[in-house]
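Read off the chains here:
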Amino acid sequence: MKERTLTLALMDPPYESANSTTAFRIIHAALEQGINVNVFAYEGAVCLSLKDQTPHANPVKGTSVDDEEHPTTKAFVSSLLAEGAKRPRLTWVNCGLCVDERGATNAVDGVRRGSPADFFAMVGESTNTLVIPTK
Amino acid sequence: MTEYVLIESRDPFESRDTEFVEQTAIAISERGHPVTVFLVQNGVFAARKTAARFKRLTDAGLLLLADDFSLRERGIKPSELAQGIQESGISSLVDAITQPNTKAIWH
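Sequence lines, in order, name chains A and B.
For the first sequence, the working numbering assigns the number 1 to the initial residue and increments by one for each residue that follows.
For the second sequence, the working numbering assigns the number 1 to the initial residue and increments by one for each residue that follows.
Source of the hints: derived by calculation from the structure; they are not laboratory data.
Errors might be hidden in some of the hints.
[To be verified] Taking lysine-lysine and the DSSO-like style, the derived pairs with C-alpha atoms no more than 30 angstroms apart in a straight line are:
(1) A:K135 - B:K49
(2) B:K55 - A:K135
(3) B:K103 - A:K2
(4) B:K77 - B:K55
(5) B:K103 - A:K86
(6) A:K61 - A:K2
(7) B:K49 - B:K77
(8) A:K2 - A:K51
(9) A:K51 - A:K61
(10) A:K2 - B:K55
(11) A:K135 - B:K103
(12) B:K103 - B:K49
Based on the provided sequences and hints, a complete structural model is requested.
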């Protein structure tokens with residue numbers, strides 16, 4: 001079968017919606033099937049890859065950072081980028097205007113700054129595109 | 001002929017606009033296109049036999065799939081699924097939406 005490429009447009013910010021978890025699952029499943037993935041992170045989704053995220057302890061329960069094993073979305077993004085470093089490839093582009101608005105310039109390694117023009121190009125080269133909008 | 005994959009993520013008891021998927025699926029099917037409805041996140045609440053939300057779709061022979069991860073998160077067992085709705089996985093969704101001439105619509 002011809003090489004397949006799936007493009008995803010994400011809009012939800014981290015820790016707000018199950019959409020982010022489902023998007024990560026879709027990306028992982030696609031890479032596992034040998035499908036290239038393009039992600040265009042738009043609006044609040046540019047914060048999914050923000051390097052400044054830190055896991056936290058829970059003072060109410062008296063648990064430490066290690067006890068909590070708090071998952072951060074930046075860790076998921078980094079893991080997926082490592083899995084998609086060669087073939088199949090994961091390309092992750094953050095909308096530059098959305099980044100500037102949020103001051104979210106410090107993204108994890110492998111994330112590229114771009115614009116809706118990149119999304120247009122991604123759509124053109126893809127087998128299909130799935131837009132996961134905010135509700 | 002174009003295949004359509006409609007992905008429903010919304011709880012039918014939270015918002016009436018989930019009827020959009022049912023109505024759209026029927027309209028597409030009546031025009032002769034194959035339709036798959038994939039229920040994910042709170043959308044799987046509609047998959048329970050006690051909810052009886054998608055009888056028109058199952059009666060029309062459309063393929064209805066419910067995400068296994070979402071079902072487990074919400075404590076819904078496969079035995080609780082309405083007739084005509086199958087437990088599935090995200091890999092099946094990915095495979096379906098990366099076929100040629102397929103449109104994927106998230107709701």
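Against the structure, the hints:
Note on K135 (chain A) and K49 (chain B): the hinted pairing holds, with a Cα-Cα distance of about 26 angstroms set against a maximum of 30 angstroms. Taken as a hint, the K55 (chain B) and K135 (chain A) pair is honoured in the structure, with Cα atoms around 25 angstroms apart against an allowance of 30 angstroms. Of the pairs offered as hints, the one joining K103 (chain B) and K2 (chain A) holds, with about 18 angstroms between alpha carbons and a cut-off of 30 angstroms not exceeded. Note on K77 (chain B) and K55 (chain B): the hinted pairing holds, with a Cα-Cα distance of about 19 angstroms set against a maximum of 30 angstroms.
For the hint linking K103 (chain B) to K86 (chain A), the alpha-carbon distance of about 27 angstroms falls within 30 angstroms, and the restraint holds. Straight-line distance between C-alpha atoms of K61 (chain A) and K2 (chain A) comes to about 52 angstroms, which puts the hinted pair past the 30 angstroms bound. With a CA separation close to 11 angstroms, the supplied pair K49 (chain B) and K77 (chain B) stays within the 30 angstroms bound. Restraint check for K2 (chain A) and K51 (chain A): the C-alpha separation of about 36 angstroms exceeds 30 angstroms, so the hint is violated.
Distance hint between K51 (chain A) and K61 (chain A) is fulfilled; the C-alpha atoms sit about 26 angstroms from each other, no more than 30 angstroms. Annotation: proposed proximity of K2 (chain A) to K55 (chain B) is violated, straight-line Cα distance about 37 angstroms (limit 30 angstroms). Simply put, K135 (chain A) and K103 (chain B) have alpha-carbon atoms about 20 angstroms apart, close enough for the 30 angstroms limit, and the pair holds. At roughly 28 angstroms between alpha-carbon atoms, K103 (chain B) and K49 (chain B) fall within 30 angstroms of each other, so this suggested pair holds.
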